[in-house]
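**Student:** If you want the building blocks of each chain, they are given just below.
Number of protein chains: 2
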Amino acid sequence: MRILVTGAAGFLGSHLCDRLLAEGHAVVGMDNFLTGDPQNLAHLAGHPRFSFIRHDVTQFIFVPGKVDAVMHFASPASPNRFSPYGYPNLPIQTLKVGAMGTHNTLGVAKAHGARFLMASTSEVYGDPEVHPQHEGYWGKVNPIGERSVYDEAKRYAEAMTMAYHRYHGVDTHIVRIFNTYGPRMRLDDGRVIPNFIKQALQGKPLTVYGNGNQTRSFCYVDDLIEGIYRLLLSDEHEPVNIGNPDEFTILQLAETVNRILGNEAGIVFQEEARDRDDPQRRCPDITRARERLQWEPRVSLEDGLALTIEDFRKRLQDQ
Amino acid sequence: MRILVTGAAGFLGSHLCDRLLAEGHAVVGMDNFLTGDPQNLAHLAGHPRFSFIRHDVTQFIFVPGKVDAVMHFASPASPNRFSPYGYPNLPIQTLKVGAMGTHNTLGVAKAHGARFLMASTSEVYGDPEVHPQHEGYWGKVNPIGERSVYDEAKRYAEAMTMAYHRYHGVDTHIVRIFNTYGPRMRLDDGRVIPNFIKQALQGKPLTVYGNGNQTRSFCYVDDLIEGIYRLLLSDEHEPVNIGNPDEFTILQLAETVNRILGNEAGIVFQEEARDRDDPQRRCPDITRARERLQWEPRVSLEDGLALTIEDFRKRLQDQ
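Protein chains in written order, with the numbering used here: chain A, 1 to 319; chain B, 320 to 638.
Calculated directly from the structure, the hints in this document are not laboratory data. Using N, Cα and C, we set each Cβ at its ideal position, and we do this for glycine too. Heads up, a few of these hints could be off.
Stated by the list, open to error - Covered stretches of chain A (in silico footprint by chain B; criterion: 3 or more residues with CB under 8 Å from a CB of chain B, positions within the stretch not fixed):
1. 86-95
2. 162-172
To be verified - Residues of chain A clear of chain B, computed beta-carbon distances all greater than 10 Å:
3. Asp68
4. Thr256
5. Val268
Chain A with its partners taken away, still in its complex shape:
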């Protein structure tokens, strides 16, 4: 297949390009580098089946030649308000890529009779009252909160995607992505795993906000991409959660990072500077992915962190 990947220079987008190329597909990467990093695609320079178009997908998209699949991964994705790449600092852009970007990429899929896969998020569940979250749960999202620029944009993108499926017959797929980590995460992403690794590599104590008992589930990026690739090839039109259901507390995560790196500086606790709408707990119910895609995660947190740390170490040395 010849596959258009938007957000190709992002953390997930670039891993997706690698996997698609490894499967023998041709890939047209697209990115405007708002939050994507050209460095993530540097290794693909000169690849015979990879091409790239620098473009903002909120503007009309033209791709020369035939497209067999469109995978819409463009969007700011970090909730961190202290990061320049966090969507709180890119609110209008985040809203636009969810609506106009999804509309334009669906337009490409419709025009080419191509498969379409949209990168949605566990954020559509908001601050959930149901644990773990299954795909039938409608979510609890504040439509006017500061996080709504991301959450509502993604919910809208799902509604638009389903509308193109129902009314235009486009072969659409929706993946709801839970917390994912791995090589190429931004060092200054602001999320917990990059923060911990950076601190541990510098021999500093890891900063845990609150008591560290809030849980997260972390999926290693290769596992995620495997699930997404299966979804693309499937006949599944309903949203599918892809994530790792193993829950760890932030404290366990910090201890694991320190153990792998032999960091003896320990942990410091800081008062919780928590957003009002920040969910305390989120964990995927992956029954649907298991049953319909025969997928489940394989990489342990320990192994995944080791691979991620290796990448971070290399990049910090290069800086």
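Assemble chain B onto chain A, guided by the hints.
**Tutor:** Coordinates of chain B only, in the frame set by chain A:
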């Protein structure tokens, strides 16, 4: 003020134009007549302070001259799947006017330093677990249901509006409109009040689906417009419910219509052809409107229905 009203040829939009003109403002009406009806504006032809631009607001908007306020009322609004004007039959258009239309109208407000008011809806509460619904309730909406083309578009529009307020400092206002009725509702709108009035005027029995015990609150259009006008002039940036909190069962409504019209054909009950996501009950908590706008509805259901029936009778005769 010189006020841009999108959806000016719609039921609410046209009443809004009348009120603004009566207050001495100049009005620029805008509509693409997708669901709006030119007949609703026919009486304004030649009005010295009314002008009209036929335009689809999902496309870039240019308004010659100064604009002091923008009121974004363009959208399909009927959930009826059997009506050509119902949003189930205009899914992509409904999604687009909520996102691109809101973005473009906010752009006009930002460029002109104008006030902005967005017509949101009680549908943002979805199938609510809280009664009556107050503005702090986050709602229960199925992001991928058939109604999501409207619900999620409006939630997105609220998120976009708040983002323009927070990040661009636009003087925005959001009204969450509950069920409203009155003259100029489409005869073939498909909603319950037009259906009942049409049947009663023809001396037919009124069709009630299910047992008729599901409740609705109905606000007469003049009351609604009064609340919206106050909101436009206020400093209130948070969403405000405007609706009538008096709850009536569908059965009570049918009996009232029959009584006013002296229709002795009675009522027939039909099996409920209810949408899975169709809310059983919706009723506004109007504490915020009372406290911050000193607004409450004044027109009784009996009086409002009489005025509406008068208008329907006239229009049915003209057909």
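**Student:** The structure should be examined with respect to each hint, and the outcome stated for every one.
**Tutor:** Here is what the structure says about each hint:
1. 86-95: holds (count 3)
2. 162-172: This one holds; 6 residues, not fewer than the three required, reach chain B with a Cβ under 8 Å.
3. Asp68: Given a closest Cβ separation of 23 Å, the condition holds.
4. Thr256: holds, 34 Å
5. Val268: A:Val268 is indeed farther than 10 Å from all Cβ atoms of chain B, at 32 Å.
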